[in-house]
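As you go down the protein sequences, you meet chains A and B in turn. For the first sequence, this note's numbering gives the first residue as -14, with consecutive numbering after it. For the second sequence, this note's numbering gives the first residue as -14, with consecutive numbering after it.
Just so you know, the hints here were simulated from the structure itself, not pulled from any lab data. Computed from a predicted structure; not experimentally measured. Careful: at least some of the hints might be erroneous.
Since the list gives no way to pick one copy over another, a pair counts as held whenever it fits inside one copy or between any two copies.
Subject to a maximum C-alpha distance of 25 Å in a straight line, what follows is the list of computed SDA-like cross-link-like pairs (lysine to any residue) [as the list claims (entries may be wrong)]:
(1) Lys186 <-> Gly199
(2) Lys176 <-> Asn145
(3) Lys289 <-> Val240
(4) Lys301 <-> Pro2
(5) Lys301 <-> Phe336
(6) Lys345 <-> Trp86
(7) Lys284 <-> Ser206
(8) Lys246 <-> Leu96
(9) Lys177 <-> Lys344
(10) Lys223 <-> Met337
(11) Lys345 <-> Val101
(12) Lys223 <-> Asp252
(13) Lys267 <-> Met89
(14) Lys267 <-> Ser64
(15) Lys301 <-> Pro224
(16) Lys344 <-> Arg136
(17) Lys223 <-> Gln33
Number of protein chains: 2
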Amino acid sequence: MSMDVTFLGTGAAYPSPTRGASALVLRCEGQFSNGTYTGRERLASGDQAGRITKIFITHLHGDHFFGLPGLLCTISLQSGSMVTKQPIEIYGPAGLRDFIWQTMELSHTELVFPYVVHELVPTADQCPTEELKESVHVNKADNPPKDGQGRTIVLDSEENSHLLVDDEQFVVKAFRLFHRIPSFGFSVVEKKRPGKLNAQKLKDLGVPPGPAYGKLKNGISVVLENGVTISPQDVLKKPIVGRKICILGDCSGVVDDGGVKLCFEADLLIHEATLDDTQMDKAKEHGHSTPHMAAAFAKLCQAKRLVLTHFSQRYKPVALAREGETDGIVELKKQAESVLDLQEVTLAEDFMVIGIPIKK
Amino acid sequence: MSMDVTFLGTGAAYPSPTRGASALVLRCEGQFSNGTYTGRERLASGDQAGRITKIFITHLHGDHFFGLPGLLCTISLQSGSMVTKQPIEIYGPAGLRDFIWQTMELSHTELVFPYVVHELVPTADQCPTEELKESVHVNKADNPPKDGQGRTIVLDSEENSHLLVDDEQFVVKAFRLFHRIPSFGFSVVEKKRPGKLNAQKLKDLGVPPGPAYGKLKNGISVVLENGVTISPQDVLKKPIVGRKICILGDCSGVVDDGGVKLCFEADLLIHEATLDDTQMDKAKEHGHSTPHMAAAFAKLCQAKRLVLTHFSQRYKPVALAREGETDGIVELKKQAESVLDLQEVTLAEDFMVIGIPIKK
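Start from the sequences, fold in the hints, and give me the full structure.
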């Protein structure tokens, strides 16, 4: 199953011609699952919005969720006469459900598909005290969800995470980040899949080609004509280990060990780096990270590949960097790599696509 | 004073790579006044958002106002340390104020500038009955505006219009349109300005060059050393007639004669034409217009120049039209021109700029 990440926007705070507001898409073999989404039109205009199945909002700053109502409308317009469509599942911090409901009502929008909004309840340690008060205020205005209107997801205090999705293919959990307002990271873990059939062993054990192959591949034992029972483990190669993709929202760090556990050995770790290391104090003051901070977290998690994104608009993409520039985007790469013992770090750019190959 | 209109988006319903969602900017000598505005990033990314002084929302369909919260944030970020900035005046249908307040609160947005939201109260005849009910429901949820929070503007039933702005330079009025939900058009009329000084007459009357010239130009009489009083009308050329720009929101027509009166002899009339004339029934069903309908209104108003916009995404810009195509955008131009006795009609395209020259 092919998987890749497409960056729709890699800029901080507001969109510019070179970096759109922060958003990415995680595509899983034709199905779209959405990382963070904002006002970017480009996914919407790509005629593929109708294939989105899940949307994850990291936090409720405008550059990370103001585009959501428009995206829902575009999905609706592109869904055509699609019948019996599964509900689109939207996950985000408390307050998101009312925002969507009210916006859809005010605009007289009748979406052709059902959707549910699952709200993550933040905790007090995810932001400075003065910001939390406002946050609680917003939550109080919330209507309690009725049947079919999405879950209210509280912290699992043993695991220090929020369980969002557990289906046939994936487990998605959220972990808490520290930012100006409560922010979350998401860990998407592909489930282990049965290994391929071992042709030599099938032959050695005398399994005849045909339906028996399919059963064994699907984990079902078969009895041969000679009465011998063949178990899947007799003829299957090693299971295929699932991939792990971790995407952090805006933050100046994680709240506890939940994030480190969920991101451990991530195949792809996507972390913000709003400002360069020389501006670490300013970054922290605004609840943001620098390359050093992002790389230190990646190192702690033993992540296999670190991608930096959410750059201040002052950092133009590499192709637009001035020659010999020492305060540009390339410096951010160097700063991160110096922490990771020169392991290569990727700088996200708008419309960059990063494939996540199947594990051997 | 230079004036021009820039189309930020010319597409209906949703943004595409060739036509963004409907929005335009009316620029008046360095000051920005905004026609309709949506999710388009391009104005915002042009480093000029900070110069917007007024924003007009025609109606509360998503493709016409979902971009407003993001625009306000971008204006704020680009306003820098601008002090004592005048409030940005936002005009739109009832329901808009609560939407902006709630969205700003949820996103913890602290704009660096003040703003006021003036709400236009629609009437029952602006949309089909079943849609109006919802509209009333939204209005009921509204908080009454407090001091400094914007006006509630009801119809002037003698003029059949809503008076929005009456300042030194402009009078802006709204008129009612019929659409799926209440929609408005806006008429922007530049005030008459005093004519230039007539050098020959000044000489003939013996007015000495100096401060007297300035006074006369500003409409103040002066007394010469010989005791003769010179009135401004003695030495000023004809006053400079103001320009009139009229911008209609989505509609399948006007509600009454208010629109015709306000658009009479408009220098620039900007009208939607979502579908071509062969689909007039479908257009009307959705509360939209065709080129014939737009041109008939322009003819009734004796408008000097008609610009069509808000095209269904099926109508690609002229540069992308296939040769010999008979169902493309060029057909819409022909359809409108046939109504206007071949007077040239302009097809709006994204980023097209139309200047409105000073009248002779």
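So which of the earlier hints does this model not fit? Violated hints (numbers, rising): 6, 7, 8, 10, 11, 15, 16, 17; every other hint is consistent with the structure.
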